[in-house]
Amino acid sequence: MKKRVLAGFFLSLSLMLSACSGGGTAPADQAKPKDGQAATAKTELIVAAEQEPVGYDPHKVPAASSVRVYALIYDSLTKLDENMEIVPNLAEKWEIAPDGKTITMFLHAGVKFHNGKDMTAEDVKYSFERILNPDTGAIAKSYFSSVESIEAKDATTVVFKLKNADAAFVANTASAYASIVPAGSTDLTKEAIGTGPFKLEKAESGQYVLLKKNADYFNKDLPKVETIKFQIMKDEAERLAAMRSGKIDVSVISADSAKLLEGKPGVQVKNYQSLEYSYLGINVNKKPFDNPKVREAISYAVDRNQIVQTVWKGEAALTGPIAPALTNWAVDTASYPSYKTDVEKAKALLAEAGFPNGFETQIETAATYPDMVETAQVIQQQLKAIGINAKINQLEWGNYIDTWKSKDMNLMVGRNTSGVDADRSMRFFFASTGSANVWNYANPAYDELVAKALSTVDQAERKKLYEEAQMMLVQDAPNLFLASPKNYYAVRDNIDFTPTAAGEVYSLIKTSIK
Amino acid sequence: MGSYLLKRVASLIPILFGISVLVFTILHLVPGDPASIMLGTNATPEAIAALNKSMGLDQPLLSQYMSWITGMLQGNFGVSVHTGEDILPQILKRFAITLQLTVLGVLIGWALAIPFGILSAIRAHSKTDIVVRVATLLGISVPNFAIGTLLLLGFSLYFGWFPPIDVVSFWEDPVEAFKVFILPATTMGIVVAAGVMRMTRSAFLETMDKDFIRTARAKGNSQWTIVMGHAFRNSSIPIVTIAGMQIGYLLGGSVIVEQLFSIPGLGQYILEGIYQRDYPVVQGGVLFVALVFVLVNLLIDLIYTWIDPRIKY
Chain Z
1 MKKRVLAGFF
11 LSLSLMLSAC
21 SGGGTAPADQ
31 AKPKDGQAAT
41 AKTELIVAAE
51 QEPVGYDPHK
61 VPAASSVRVY
71 ALIYDSLTKL
81 DENMEIVPNL
91 AEKWEIAPDG
101 KTITMFLHAG
111 VKFHNGKDMT
121 AEDVKYSFER
131 ILNPDTGAIA
141 KSYFSSVESI
151 EAKDATTVVF
161 KLKNADAAFV
171 ANTASAYASI
181 VPAGSTDLTK
191 EAIGTGPFKL
201 EKAESGQYVL
211 LKKNADYFNK
221 DLPKVETIKF
231 QIMKDEAERL
241 AAMRSGKIDV
251 SVISADSAKL
261 LEGKPGVQVK
271 NYQSLEYSYL
281 GINVNKKPFD
291 NPKVREAISY
301 AVDRNQIVQT
311 VWKGEAALTG
321 PIAPALTNWA
331 VDTASYPSYK
341 TDVEKAKALL
351 AEAGFPNGFE
361 TQIETAATYP
371 DMVETAQVIQ
381 QQLKAIGINA
391 KINQLEWGNY
401 IDTWKSKDMN
411 LMVGRNTSGV
421 DADRSMRFFF
431 ASTGSANVWN
441 YANPAYDELV
451 AKALSTVDQA
461 ERKKLYEEAQ
471 MMLVQDAPNL
481 FLASPKNYYA
491 VRDNIDFTPT
501 AAGEVYSLIK
511 TSIK
Chain E
1 MGSYLLKRVA
11 SLIPILFGIS
21 VLVFTILHLV
31 PGDPASIMLG
41 TNATPEAIAA
51 LNKSMGLDQP
61 LLSQYMSWIT
71 GMLQGNFGVS
81 VHTGEDILPQ
91 ILKRFAITLQ
101 LTVLGVLIGW
111 ALAIPFGILS
121 AIRAHSKTDI
131 VVRVATLLGI
141 SVPNFAIGTL
151 LLLGFSLYFG
161 WFPPIDVVSF
171 WEDPVEAFKV
181 FILPATTMGI
191 VVAAGVMRMT
201 RSAFLETMDK
211 DFIRTARAKG
221 NSQWTIVMGH
231 AFRNSSIPIV
241 TIAGMQIGYL
251 LGGSVIVEQL
261 FSIPGLGQYI
271 LEGIYQRDYP
281 VVQGGVLFVA
291 LVFVLVNLLI
301 DLIYTWIDPR
311 IKY
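Note that the protein sequences, when read in sequence, are chains Z and E. All residue numbers for the first sequence refer to our numbering, where the first residue is 1 and numbers rise by one. All residue numbers for the second sequence refer to our numbering, where the first residue is 1 and numbers rise by one.
Just so you know, these hints were derived from the structure itself, not from any lab. There could be a bad hint or two in this list.
Partial selection, computed: residues in chain E whose CB lies under 10 Å from chain Z [stated by the list, open to error]:
(1) I48
(2) A49
(3) A50
(4) L99
(5) F261
(6) G265
(7) L298
Here the structure is a predicted model, which means the values were calculated and not measured. Think of the CB as a built atom: it goes at the ideal place given N, C-alpha and C, for glycine as much as any other residue.
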């Protein structure tokens, strides 16, 4: 009896073993007909998602993994095109009163929410009031702090009355965080009903998010695919393998992987200049960084070109306080004197500041992001040349954010995203009241400049003010602005997808399958 | 036996209570909170405060613990602070996936380990033994992310075969599920095999030296009868012990393998919870894993009495 049991056990083990060793080839044969089928009538676009979305409330969830999904479900009043210009979306057109304090938005007629209800001025009013309600904890609340009242004049006209002229207002309505939601909706975690080109069909936690085309989308020509599936694949090696075997159609990839995929059959690598830039933050309250000469010395000692070459393999652009992709606003980096590295001058400045032999300090960086760690390492080497010995602290993301918030760091490497309008890059990050000004930078002249720029309706005049402000920031150096990287996508040959700085959503809506 | 079982189950209460306190404290001691992780450097202090309030994180720690543990005692694991999803159904769903991966992985591991371990022991110091031992050493030394990546790249580049990207269960579609799980399970199996094989070899070597084996040989039994009929059962206690430990660990979710192959298992769920500081997810997940681990160990102890009737509790 015992023998029989044992023999049976071994028999099943060996069966298992043979089944396993044959496993590689058998499923391949079975997979073929399915692939063939998909090739003839492919209507589904599969996009790899590196991170799992963490909810779909457009007013509350800032995670990029969520935005890329909910921005396809909801629409905002305006949007950005590939030239980074503000163009109509739910709002057909808008009028700005000469004093800049009244903005009238004229909505598209006949736009419907996914549940069949008409989208009207009441929904717009409700959405903005929800954003402005402090209990919501909306991300975009600070974007619209100038709003005094919102009036739904008729079904398709909304009037925003502002406390003061706000030249960034219209640009801010392009943000996905300012999406229009149906009036009366409170809990947007459970259901997602927008006016956007796609409807949320199914979200399978840990696996995928499936979006289905909205047949009633107000732009009749779009979208061009029936479904988009965001397939959650956290590992880059897996995404690359899936891309090469044609299991996914579109994927974000790193610059290193872009090199690997270049020229491989069936796959194209595409890139665009991003709105992101890396920086070295300097705490202007901490000794010895409170001395402007020390900051200037660091600015002259850091070779930004070497960072572009080493960290980004040359695939990045030099940047000022506004990323160069925002061509309307960014100052040409050639006009910043300190961008020409000058170690001798840096040493002299340091000596003048009373540190002829340099000093010891720390650079905080996020271990989660290899580019930030590498940037810190390059800067560490460069600072050594002028006698500054910096120790690098690699922090886990949560810890990093805590340090960032503490306003008590010495030096810190990080990354920012320039908003659509210059106001965000300038005021939010560096005005003395700016929420993201964790560097204790407080320059009344700068504050005045950016406040004036915000209330200046004439765009040419505004541009001049922001140029002045950018020059001032680079000179004062509460941050050294380093490099604005390109972002890469791998795209299957049969997919017509062109990424731009206007964002993935803008491209996905227009994507078709050849 | 009955009273032993009762005692063991009762001992679960202090264990789980201790773990609940430990995981709650450690999690809240870790820098960062869900709101600031979520908002990152986009945060305004008032947005963080509003978000924390909406997640109930503005309450004192003790009252947060009390409300969580009271819920747990009623079987209410709570909801994820980020997605608002109920946690228990997610844990069960993901555990089902981890369970399938583990069972297949362990079966592959044992199928490799036990026959080769025995072979290696009864032909100790032969060429076969050396080959097996070197292979074992490789299995232990090469990290599973390397094995997994090699399998994945190898199959996709040289055979043009990539596992299906949607995970299905064996009870839904066994063939498709086999395709989904075979590569990650093999990755897992290779690591499992290495450990079990070493244990099998040493256990058999020891048993084969025992007097009763000499007696069995003297009776003129064949090698097969000696190994299978006499040595196997007497060597299996240490093998079952190590196998049980491995299953316990693997059921907690093999994070690396799950991450690499995009298997939405329990390990990935908890890891994501840690990154996002999704406190209830991590707390509930860890407690669940602890419960599974303790139960698996209990089961192993019960199996001892079946393997060796002399063991009595």
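Hints violated by the structure (numbers, ascending): Per hint list: 4 and 7 violated.
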